[in-house]
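Enquirer: What follows is each chain in one-letter form.
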Amino acid sequence: MTTATVTQTTTMLPPVTGFEFDEKADLEQSPAWFLDATHSVPPWTPLFGWFWINFCRHGMQYGAEKLSLPTVKGWDWRFRNGGGYLTVMLVKSEEEQRQREDRFRVAIRPFIEDYDGLWHSQLDEILGLYEDLKKVDLDRATNIELLDNFEQTVNVCRRMWEVHMYMMYGTYTGYILFENLCRELIGIDDTHPLFHKLISGFDNKVLQVDKRIWEFSQKAAQLGLADIILASEPADIESNIEAAEKGPAFMAEFREFLDEDGWRMQRMSEMNQPTWIEDPTPPLTNLKQFLVKGGGFNLEQEREKISREREAAEKEVFAKIAPEQKGWFTTILRLAQKSGAFSEEHDHYLDLYTHAMMRRSALGISRRLVSAGTIDTLDDIFFLIPEEIRKVAINPDHYNLRPSVEARRAEWLEWCKEPNPPAILREGFDMDQAMAMLVKSNDPIALKVVVGAMPVVREELNADLHGTCGSPGVVEGLARVILNEDQLADIQPGEILVAATTSPSWTPVFSFISGVVMDRGASLSHAAIVGREYGIPVLMNVFVGTEKIKTGQRIRVDANIGALYVLDK
Amino acid sequence: MAKKWIYAMEELGQEHFDLVGRKCANLGEMTRLGMRVPPGFAISVDGFEQYMQVTGLGERIEAYFASLGEDLCDSVQKQMDASQAAKLLIAQTPLPADIAAEIESNYEALCARCGVPDLPVAVRSSGSVSMPGQMETYLYVRGAAEVTRRVLEVWESTFNTRAIAFRLEKGMPVDKAPIGVAVIQMVNARSAGVLLTVVPTTGDQDQVVIEGNWGLGESVVAGDITPDNFIVNKDSLAIEKKLSTKQRYVISTLNGTVQADVPTHLQELPCLQDEEILELVRIALGVEKHFGLPQDMEWVVDNDLPFPANIIWVQARPAKFSASQKEADADYIVDQMARLFRR
Numbered sequence: 001m002t003t004a005t006v007t008q009t010t011t012m013l014p015p016v017t018g019f020e021f022d023e024k025a026d027l028e029q030s031p032a033w034f035l036d037a038t039h040s041v042p043p044w045t046p047l048f049g050w051f052w053i054n055f056c057r058h059g060m061q062y063g064a065e066k067l068s069l070p071t072v073k074g075w076d077w078r079f080r081n082g083g084g085y086l087t088v089m090l091v092k093s094e095e096e097q098r099q100r101e102d103r104f105r106v107a108i109r110p111f112i113e114d115y116d117g118l119w120h121s122q123l124d125e126i127l128g129l130y131e132d133l134k135k136v137d138l139d140r141a142t143n144i145e146l147l148d149n150f151e152q153t154v155n156v157c158r159r160m161w162e163v164h165m166y167m168m169y170g171t172y173t174g175y176i177l178f179e180n181l182c183r184e185l186i187g188i189d190d191t192h193p194l195f196h197k198l199i200s201g202f203d204n205k206v207l208q209v210d211k212r213i214w215e216f217s218q219k220a221a222q223l224g225l226a227d228i229i230l231a232s233e234p235a236d237i238e239s240n241i242e243a244a245e246k247g248p249a250f251m252a253e254f255r256e257f258l259d260e261d262g263w264r265m266q267r268m269s270e271m272n273q274p275t276w277i278e279d280p281t282p283p284l285t286n287l288k289q290f291l292v293k294g295g296g297f298n299l300e301q302e303r304e305k306i307s308r309e310r311e312a313a314e315k316e317v318f319a320k321i322a323p324e325q326k327g328w329f330t331t332i333l334r335l336a337q338k339s340g341a342f343s344e345e346h347d348h349y350l351d352l353y354t355h356a357m358m359r360r361s362a363l364g365i366s367r368r369l370v371s372a373g374t375i376d377t378l379d380d381i382f383f384l385i386p387e388e389i390r391k392v393a394i395n396p397d398h399y400n401l402r403p404s405v406e407a408r409r410a411e412w413l414e415w416c417k418e419p420n421p422p423a424i425l426r427e428g429f430d431m432d433q434a435m436a437m438l439v440k441s442n443d444p445i446a447l448k449v450v451v452g453a454m455p456v457v458r459e460e461l462n463a464d465l466h467g468t469c470g471s472p473g474v475v476e477g478l479a480r481v482i483l484n485e486d487q488l489a490d491i492q493p494g495e496i497l498v499a500a501t502t503s504p505s506w507t508p509v510f511s512f513i514s515g516v517v518m519d520r521g522a523s524l525s526h527a528a529i530v531g532r533e534y535g536i537p538v539l540m541n542v543f544v545g546t547e548k549i550k551t552g553q554r555i556r557v558d559a560n561i562g563a564l565y566v567l568d569k
Numbered sequence: 570m571a572k573k574w575i576y577a578m579e580e581l582g583q584e585h586f587d588l589v590g591r592k593c594a595n596l597g598e599m600t601r602l603g604m605r606v607p608p609g610f611a612i613s614v615d616g617f618e619q620y621m622q623v624t625g626l627g628e629r630i631e632a633y634f635a636s637l638g639e640d641l642c643d644s645v646q647k648q649m650d651a652s653q654a655a656k657l658l659i660a661q662t663p664l665p666a667d668i669a670a671e672i673e674s675n676y677e678a679l680c681a682r683c684g685v686p687d688l689p690v691a692v693r694s695s696g697s698v699s700m701p702g703q704m705e706t707y708l709y710v711r712g713a714a715e716v717t718r719r720v721l722e723v724w725e726s727t728f729n730t731r732a733i734a735f736r737l738e739k740g741m742p743v744d745k746a747p748i749g750v751a752v753i754q755m756v757n758a759r760s761a762g763v764l765l766t767v768v769p770t771t772g773d774q775d776q777v778v779i780e781g782n783w784g785l786g787e788s789v790v791a792g793d794i795t796p797d798n799f800i801v802n803k804d805s806l807a808i809e810k811k812l813s814t815k816q817r818y819v820i821s822t823l824n825g826t827v828q829a830d831v832p833t834h835l836q837e838l839p840c841l842q843d844e845e846i847l848e849l850v851r852i853a854l855g856v857e858k859h860f861g862l863p864q865d866m867e868w869v870v871d872n873d874l875p876f877p878a879n880i881i882w883v884q885a886r887p888a889k890f891s892a893s894q895k896e897a898d899a900d901y902i903v904d905q906m907a908r909l910f911r912r
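Taken in order, these protein sequences are the chains called A and B.
Per this note's numbering, residue 1 is the first one in the first sequence, and the count goes up by one each step.
Per this note's numbering, residue 570 is the first one in the second sequence, and the count goes up by one each step.
Next comes chain A alone, as it looks inside the complex:
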């Protein structure tokens, strides 16, 4: 008998068994695979990749099937070097399309007849699942209970993606129909300022959280904490507040707020960074930025104006619609207006919250593994995969997973050095054909998220860069190029944010920047929705903004005409 622990040596399991990209088989299945640059750049850790590839993929096929979308069966996903690669699954025969359309006509009706009821019943189900997960006290639970909590988290993630994609496919179908009707009935598309006015001026959960942080900034000022906060580096804000006389009571209240709304990640689609609850630095940095900017909460001031503009826009549009068309047009308009709120809220309640639950559960097990000597640090868990976690969770002291962690971490560091290719194409298949395949799928999510409108280059504008309008307006100011979440704290009030893309974890900065330039995006992108609510111009699909613009340069953004000018070249 030996007392030595088992050391895993030679055969390391791939992170996402069964869904690792296999060039031969996968290119035979589909000629084009696209990198999900929005979510998987920088590359995912193995554990997060496992969750995403397995269940986002499942959710999309579930959603497309549940709605019986006539031309597309959802997306297939593969994992390659930390990147998520996706392809659309086309419905192959016209006969099958017709059969699916018959079922689609029945399945889509709840979205038309009772959208709010539908969304809230699903949301309540998911929020209930989170509460069940949180009931487990991870420090006191037995190893069996911890593993059970992990397995349930896996199931919650799976269910979350089902709800997520079912709702998203249905919601975006309504949104795209509204866009089409606007083109046909009133001759405007989704880059037209009037279009943006029609769908702006609505509250959502993410904006409510911003407002709470602003309220805390006002409270901090009243308590005389403003100077301390303004003088602190982001990482020190918390400890410096705690050291002040009225600080501990303030932080206690702030943590209470976070217990409710702080279940979110710094990076939208990753789990290897702390949640707001673990580390309140990001929301405290936002609080500080509110103090730097001073003045009121501009969302509130803007809201009334934007709502009034929306009402005027609705009037303008209704005047062009015949009375007998008003009924259904109103229904579709309301559906489109809800799409924006859905786009933001689902990130908060679904993605971010579930990822926070995944992190919570994984860290619960990780603590036991560290104390049993199975791994060295808490973060090591993100380099394991569920198969290994299941293997060791009940009796961790019998195993040594360090070699696994070490090998995968080394591999992950390699992934981070070399960017993943934006697409993997079959020999002889080019990017135009690949895009045409997406368009042909009529997949509502692909159309709204992947394809987007291409900017029209208008020579007469003599602009340095061209883009599409995500939120109307014109602004001039200093550029701030942000490449990842860590740099968000650098943004100064009044600057124009230049980024590849943004996610709901960035929302608070929108209240003090004066404009946004994005490399990619469509009218339902995060930046467009939030920009419209804050009444700041957003120029999207500039493609090379982060490459061509330098922080500190003075730029002029005219979102209305889709032009960007660099003023001090």
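Because the hints were derived from the structure by calculation, they are not lab data.
Treat each hint with caution, since some may be false.
Below, computed lysine-lysine pairings styled on DSS-like, alpha-carbon distance capped at 30 Å [claimed, not checked]:
#	chain 1	residue 1	chain 2	residue 2
1	A	LYS326	B	LYS572
2	B	LYS889	A	LYS320
3	B	LYS739	A	LYS92
Dock chain B against the given chain A, drawing on the hints supplied.
Expert: Using the frame of chain A, we list chain B on its own:
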């Protein structure tokens, strides 16, 4: 030209649906039922057809659409371009003098009949198929030249993008669409509104619902204001009134119709007298009986004529009611959503 293509409303009835379109045929039918409708005339679908033929425009448009090929169905942008191109062709093709003269002389006759030079009229489209996007209505049009211009604009509306898309969807010929035009006197409206012989929200067919406001009916139809609401029991004729403070109304001016503030002393007063309500109900029940279906009707009370000659009707059609309206809307939306996947 030999063939008759302009008719007095009194000459028309339901059977002329294809000839003059739904609206004109209905107005004709209403006069047969003893309802007072505004005097006017109908331009049949042959009017538009003739303009297209005589000028060669029909062939040009046909050739244009033929040149676009099959993929018009698939691209909204192409449909928008086609719409613009067809409208441009029309704009470049003036109305032949004899066609214009025929419309003008009928208008002059209408002026003479009403005893008002430059009689203000409404010019409305009257399609034989209810076609979304092709619903032009011009109110308070005065003078022969203006009337002819508006008639041409109604014709042109058959090439609105939405109308083109609709015809493509339904597999109808895309390069032409029959359309009639109604030219009717503008009533000097004291009050106006709608009447339904069924409660639209519940489907209850024992009551008549009347909604009205001061001035023209547009404010009620558009749903911009809270109108007076009268519910009348079909048996007992008991009237239940829900009066509202009517702050805004739509009135005619020399420059067309405008929204204005209701004079303060009228805001709280009912816009209909009891005898007028009962007269509206009496006629409406007769129409309902005639068609055997609940009716959705639009009425106007003339400011100058004595009761009961002041009760004038401008529309009568089968009512959509209760869940069926919502369901019909949902059906339509489902159709449109399914269409998104057929591109």
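Enquirer: Confirm or reject each hint.
Expert: Outcome of the hint check:
Annotation: proposed proximity of A:LYS326 to B:LYS572 is violated, straight-line Cα distance about 38 Å (limit 30 Å). Restraint check for B:LYS889 and A:LYS320: satisfied, since their Cα atoms lie roughly 22 Å apart, inside the 30 Å limit. Distance hint between B:LYS739 and A:LYS92 is fulfilled; the C-alpha atoms sit about 25 Å from each other, no more than 30 Å.
Checked against the numbered hints above, the structure violates only hint 1.
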